[in-house]
Structures are given as structure tokens and as C-alpha cells.
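Asks: Spelled out from the first residue to the last, the chains are:
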Amino acid sequence: MAKVKDYIYRPEFECMSRPELEALQSERLRKTVERVYQNCGPYRAKMDACKLRPSDIRSVKDLAKLPFTVKHDLREAYPFGFYSAAQSEIVEVHASSGTTGKLTVVGYTQNDIGVWAEIAARSLAMAGVTEDSLVHVAYGYGLFTGGLGAHYGAQKIGASTVPASAGNTIRQLTLLRDFGATHLCCTPSYAIFLGTEIEKAGMNIEDFSLIGGAFGAEPWTYQMRGELERLLHIDALDIYGLSEICGPGVSMECMQKHGNHVQEDHFIPEIIDPETLEPLPFGSEGELVFTTITKTGQPLIRYRTRDLCTLYDEKCACGRTTVKMGKVKGRSDDMLIIRGVNVFPSQIEAAIMNVAGVSPHYMIYVDRVNNLDVMEIDIELDGNLAPDRVSEIESIQKKVETEVNSYIGVSARIKLCESGSIRRSEGKAVRVIDRRG
Amino acid sequence: MLVKQLSVFMENRPGRLYKLTHTLGEEGIDFVTLSIADTKDFGIVRFIARDNDRAYEVLKKAGFTVGITELIGVEVEDRPNALAKVVQLMEESDINVEYLYSFVLTNHNTAKILMRVSDTDRAVEILREKGIRLLSEKIL
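So the sequence lines, in the order shown, correspond to chains R and C. The letter at position 381 of the first sequence is residue 381 when you use our numbering, and the numbering goes up by one with no holes. The letter at position 81 of the second sequence is residue 81 when you use our numbering, and the numbering goes up by one with no holes.
So that you can see chain R by itself, here it is in the shape it has in the complex (with noise of 0.2 Å):
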């Protein structure tokens, strides 16, 4: 039986007609290109080479002749030259790593931090979350969006709020049970492994006030629901962002569990095909892509967020009429979620390549033990060595483990290995051996 009684935040805007929400949209599209086109350099630039003026951008149906933005664009504008808004409009800064270290910056002004806790409190409903609730945070705060996201989204309905932040699984346990927590967010692994890790602890679910959760940053399963629901006595919903859209809350599953609710009035779904980038029918799996239509400090046009999806424009039993998203199938690029940070293979290798003693031959293997991913990094050890003292190879270790650690912000274990003894490969290296299921 449903612990979660889902409602809706906001049935204004979630449970607009179609031809009322494209209103909408369109209305606010106008402005975010009329308002990138004027104070965003890249975007100017880009809608130039097209020969695309703001004017002609008049309704949702002309968001197709708009060009793209790939992350490579934010990185190249690294740090700020993204902005919409001046600097002093600015509130807040997030960032998520990226391929060469560098960071995907997102700088967010009062009026985004309005529509990022807007967003979150809509999902935080969908889980039934109100003012009486007690939401337990235990994604990561920081750079990261999602700590704060769910921050803002529990603040902003009125609950109780327990900013826990990753970590220390025992007092994680333990503030959950004594504080009574009726809600949980965090990645959906952490979850799992917080609740194998009950009765280890000498703790009993019975003792928990648990009903339910928004579990994101990673991409999770249907079984893995179940297991987590088992485990927590709870409802354990899909919760979906991406920082340079916003953070979590862009979309949310409800209480039907099938799909995830995107927020149209804030952001515009497509998918298109990766490959010939053309606009696909709802139905399709393609390629999702997102364009914000209320944000003024860092507003993005036609996004291209990598992850492998499909949209539903069915009907939905919870009386929303928002699209849905089914989960996310893949990333199209080679982008690893470890413990819901993105970590790319490029990283690590860099991080290695500032260790001396070892070589340029590793490989990367992910696997999910305990419910919790871990990686593990076989590096050969550098053939010219004269390795005579133990000390000596576990201080190259540490090395590695430190380096990797500041570079991606993941732990690694570090397993140093003869020289020659990883396998080289013909053409494209294969670097990552996934083994998560």
C-alpha cells in the first residue's frame, strides 16, 4: 500500500491544457532569446552564424530553427562567459566536473534560486513531502547541486529540513531514526547501502518514520526500487536535474511511477537524434535536450544533455499534464555517474599522469557492492622502476588515490600492477569496464 499520499504543489502550471502551455512557452521563450541575444556573447555569436534574429522566434514551433549548446560551449566560455545577467545580479554559483578538470560553471540569480526551489518543491510534493514532513538531505552540499536543491525544494513546502550532507553512514542512521525523518533524498545507492546498514548497526526499521523519497544524480532501476522500498519501508520516486539546466527537480516522478513529470512551464523537453540532430516525435528514444524559458542568469537554448531517453505525451493518472520522461537509458558520451558525480575516463588520466612512478596504461572498472558504487583503477607501475622497498610502491599508491580524489571528487581504489600486464587495445582503448548491473 502507498505510504506517499502525492499532490499537487503548483495545479496551476502542472495541469495546464496544451494549447495553454505552449502559450506559455512561447511567451516566455521570446523573452529568454531575446534576453541571451542581448547579453550573452556565445549566443549572440551563435545565432548570428544562422542568420537568426530574436524576432524570429515567435512561438514554441520555431524552437527548432535555434542552434544547439553542448557542454564543450560552457566550457570554453569557462568561467562566467555563459552569463545572461551582470555579475552583481548573480547569487549563487554551482559547477560539475568535467572532461579535462575543468569545471561546467552555472551561476544562478535570485529569480533561478526562485524557479530551482519552485521546481523542487512541485517534486518534493510528488513524494508526498508538506509542512509537517521531516526531509533528511544526505546528497552531498556544495558545488553539487543536489543538496541544496532538495534544500530549497523541503525549505520552500515548509518542512523540516536536516541538512545531513553526504557521509558518516552510522550518524546518517541515527538522525534519521531519532529525528524521525519522513523523508530520505539522496542518491538511490546511498539509499540502498543506509539501508543494508541498519541492522549492522543494532537499529530496527520499526524505530523509523520513513514514508518516503527523491532519489537522483544517478541512474537507477525498477529493481532497484523495489529493493529500496523493501529496505526503507517507504516510496522511493525517480528525482531528475542536471546542473546546467537547473539541478534536481527539471523533472520527478509521481505517485504512478512510471515516468518522470518534466516541468514545462520552466523548461521545454525535446528529443532529437543524436546522430542527425532533427526533432523526434514523443515516443521516440533519442537524445533529450532542454531550453529554459524562465531563468536570467544562466539561460540555455536547446541544451544537449547527452542522457538517452523518451518523452510521453500520455495522459497521467495523478492529473498532471505535463510530458513525461521515461529513465534515463545511457549517456552518449562516455561520461561515468559514480556515486552521482560525472567523472570521465580523461580525468582519471590526467589525475594519473601527474604521478611519477607510473604508467599511461590503466584501466577503470565499476562495479556496485553493497548497493554502493565503487571503482576501482588498475595502473601499471612505470617498468623502469627499482622497486625495492614496500614503502616505496604504497607511497606511489597514495599518490594516485590523492590525486584521483582531488581531480573527480570520487575515491578510488588504487591497485598499481606489473608493467605490461594491462591489455593493450587494437584502435579505440578501452579504458572503462562497467559492471554495474
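Derived from the structure by calculation, the hints contain no laboratory data. Be aware that one or more of the hints could be misleading.
[To be verified] Not close to chain R: a few residues of chain C, all C-beta gaps over 12 Å, as computed:
#1 53
#2 58
#3 84
#4 91
#5 109
#6 110
#7 124
#8 131
#9 132
[Stated by the list, open to error] Label pairs and their in silico Cβ distance ranges:
#10 R/360 with C/92: 45 to 51 Å
#11 R/142 with C/63: 40 to 46 Å
#12 C/129 with R/392: 27 to 33 Å
#13 C/61 with R/274: 46 to 52 Å
#14 C/61 with R/360: 19 to 25 Å
#15 C/129 with R/360: 45 to 51 Å
#16 C/63 with R/200: 42 to 48 Å
#17 C/57 with R/360: 23 to 29 Å
#18 R/202 with C/103: 48 to 54 Å
#19 C/53 with R/70: 53 to 59 Å
#20 R/353 with C/30: 37 to 43 Å
#21 C/19 with R/284: 49 to 55 Å
[As the list claims (entries may be wrong)] The calculated SDA-like cross-link candidates involving lysine to any residue, where the alpha carbons are at most 20 Å apart (straight line), are:
#22 C/4 with R/390
#23 R/399 with C/43
#24 R/415 with C/15
#25 C/40 with R/378
#26 C/60 with R/361
#27 C/19 with R/380
#28 R/415 with R/384
#29 C/40 with R/411
#30 R/415 with C/37
#31 R/415 with C/38
#32 R/398 with R/386
#33 C/60 with R/357
#34 C/40 with R/413
#35 C/19 with R/420
#36 R/415 with C/43
#37 C/61 with R/382
#38 C/61 with R/380
The beta-carbon is built from N, C-alpha and C at its ideal position, and this holds for glycine as well.
Assemble chain C onto chain R, guided by the hints.
Replies: Chain C in isolation, oriented as in the chain R frame:
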């Protein structure tokens, strides 16, 4: 007056030690000593061969990560407390013994001790002063 020893980095998994010993065996190279320092993931195999230089060449060619280290070798009487005395000399001079192993050769009534210390030059000086017999490669 030092003794050369070969050190080989090795992953801690089945078959590796065989490959090392077999590679040398095939070339007719004999071990005089062999010891292994192991951790969970890797080990360092340290040994003295009858022909160290050739053993080094053979292993390099076979792709092993191998180096040559110089150790202090001493000869003591094969009886209780002999080793302790040597170690005590190091300790009194604040010289750290990084690793040590000993062996007894047949037809000898003495024990041989091989060790790597934090300050080789000073250690040699002290041992000489105290009249401890130092080994050279030839004696092995």
C-alpha cells in the same frame, strides 16, 4: 663490501612467482637467496643469483620491473643471540633496519645476514669497528 641483490615488483596473484623462477631457471641461473615481501596487492621479490648481472638482463628482457640494490652482508656464528648483537649495534646508532633476512649455507658453521638499513655507509663503519665480518658477493 656490499652485496648486490635484485628486487622485482610483482602483482600478488597466482602464477607470477612461477614465471619469475621459471624464466631464470630456463637460463640456468641459480638462486643463492630468495625472500618475498608481500602486501595485499603486490609483493617485492628479493633475491641474489649466482650471476646477478645476467639475471638482471634476462628479467629486463622478459619485461619484469627489476632493480639492483646493495645490501650489507655480515657473517655471524650460528648460535643464539648472534643476530641480536648485530641488530643492537644498529639500534644504538639510531640506524633503522628496513628489512633483513638470514640464511645458512651448507658446509658452513656460520649464519649470513643480509640487511638494508637507513644509512648504509655509517652502518658499515660501525660493523667494521666492532670487528663484525662483512660479506662480499664472492663469499656467497
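Asks: Does each hint hold? Answer for all of them.
Replies: For each hint, the structure was consulted:
1. Chain R leaves residue 53 of chain C outside its interface by the beta-carbon criterion, the shortest separation being 14 Å against a cut-off of 12 Å.
2. The non-interface label for residue 58 of chain C is consistent with chain R: the shortest C-beta to C-beta separation is roughly 15 Å, beyond 12 Å.
3. Interface exclusion of residue 84 of chain C from chain R stands, the closest Cβ pair being 24 Å apart, more than 12 Å.
4. With a cut of 12 Å on Cβ distances, residue 91 of chain C stays outside the contact zone with chain R, its closest approach being about 19 Å.
5. Residue 109 of chain C, annotated as away from the interface, keeps every beta carbon of chain R farther than 12 Å; the closest lies near 31 Å.
6. Every beta carbon of chain R lies more than 12 Å from that of residue 110 of chain C, the smallest distance being close to 26 Å; the non-interface claim holds.
7. Distance check on residue 124 of chain C: its Cβ is at least 18 Å (rounded) from any Cβ of chain R, clearing the 12 Å threshold; non-interface status holds.
8. Listed as a non-interface residue, residue 131 of chain C keeps its Cβ farther than 12 Å from every Cβ of chain R; the least gap is roughly 29 Å.
9. Residue 132 of chain C, annotated as away from the interface, keeps every beta carbon of chain R farther than 12 Å; the closest lies near 23 Å.
10. Under the hint 45 to 51 Å, the C-beta atoms of residue 360 of chain R and residue 92 of chain C, about 47 Å apart, fit the expected range.
11. Remark: the range hint 40 to 46 Å for residue 142 of chain R to residue 63 of chain C is upheld by a beta-carbon distance near 44 Å.
12. Range check, residue 129 of chain C to residue 392 of chain R: Cβ separation about 30 Å, and the 27 to 33 Å hint holds.
13. Range check, residue 61 of chain C to residue 274 of chain R: about 48 Å between beta-carbon atoms, so the 46 to 52 Å window is met.
14. Distance hint check for residue 61 of chain C and residue 360 of chain R: the Cβ-Cβ separation is about 23 Å, which falls inside the suggested range of 19 to 25 Å.
15. Range check, residue 129 of chain C to residue 360 of chain R: Cβ separation about 49 Å, and the 45 to 51 Å hint holds.
16. The supplied range of 42 to 48 Å is met by residue 63 of chain C and residue 200 of chain R, whose beta-carbon atoms lie about 45 Å from each other.
17. Taking the beta carbon of each, residue 57 of chain C and residue 360 of chain R are about 26 Å apart, inside 23 to 29 Å as hinted.
18. A hinted range of 48 to 54 Å holds for the C-beta pair residue 202 of chain R and residue 103 of chain C, which are about 52 Å apart.
19. In this structure the hint that residue 53 of chain C and residue 70 of chain R lie 53 to 59 Å apart at CB holds, the actual value being about 58 Å.
20. In this structure, residue 353 of chain R and residue 30 of chain C meet the distance hint of 37 to 43 Å, their C-beta atoms being roughly 41 Å apart.
21. The beta-carbon spacing between residue 19 of chain C and residue 284 of chain R, approximately 54 Å, falls within the hinted interval of 49 to 55 Å.
22. A C-alpha spacing of about 18 Å is found between residue 4 of chain C and residue 390 of chain R, which places the hinted pair at or below 20 Å, so the restraint holds.
23. Simply put, residue 399 of chain R and residue 43 of chain C have alpha-carbon atoms about 19 Å apart, close enough for the 20 Å limit, and the pair holds.
24. Restraint check: the Cα-Cα separation between residue 415 of chain R and residue 15 of chain C comes to about 18 Å, which is no more than 20 Å; the hinted pair holds.
25. Taking the CA atoms of residue 40 of chain C and residue 378 of chain R, the gap is about 14 Å. The hint holds against a cut of 20 Å.
26. Between residue 60 of chain C and residue 361 of chain R the CA atoms are separated by roughly 19 Å; this keeps the pair inside 20 Å, and the hint holds.
27. Taken as a hint, the residue 19 of chain C and residue 380 of chain R pair is honoured in the structure, with Cα atoms around 18 Å apart against an allowance of 20 Å.
28. Between the alpha carbons of residue 415 of chain R and residue 384 of chain R the distance comes to roughly 18 Å, so the proposed pair stays at or under 20 Å and holds.
29. For a cut-off of 20 Å, the pair hint linking residue 40 of chain C to residue 411 of chain R stands: about 19 Å separates their Cα positions.
30. Restraint check for residue 415 of chain R and residue 37 of chain C: satisfied, since their Cα atoms lie roughly 17 Å apart, inside the 20 Å limit.
31. Under the criterion of a C-alpha separation no larger than 20 Å, the hint pairing residue 415 of chain R with residue 38 of chain C is consistent with the structure, at around 14 Å.
32. Annotation: proposed proximity of residue 398 of chain R to residue 386 of chain R holds, straight-line Cα distance about 18 Å (limit 20 Å).
33. Between residue 60 of chain C and residue 357 of chain R the CA atoms are separated by roughly 17 Å; this keeps the pair inside 20 Å, and the hint holds.
34. Only pairs whose Cα atoms come within 20 Å are accepted, and residue 40 of chain C paired with residue 413 of chain R is accepted, the gap being roughly 13 Å.
35. Among the hinted pairs, residue 19 of chain C with residue 420 of chain R is consistent with the structure: their alpha-carbon atoms are about 14 Å apart, no more than 20 Å.
36. Of the supplied pair hints, the one linking residue 415 of chain R and residue 43 of chain C holds, its CA atoms being roughly 12 Å apart against a limit of 20 Å.
37. Of the pairs offered as hints, the one joining residue 61 of chain C and residue 382 of chain R holds, with about 15 Å between alpha carbons and a cut-off of 20 Å not exceeded.
38. Straight-line distance between C-alpha atoms of residue 61 of chain C and residue 380 of chain R comes to about 17 Å, which keeps the hinted pair within the 20 Å bound.
Hint violations for this structure: none, all hints satisfied.
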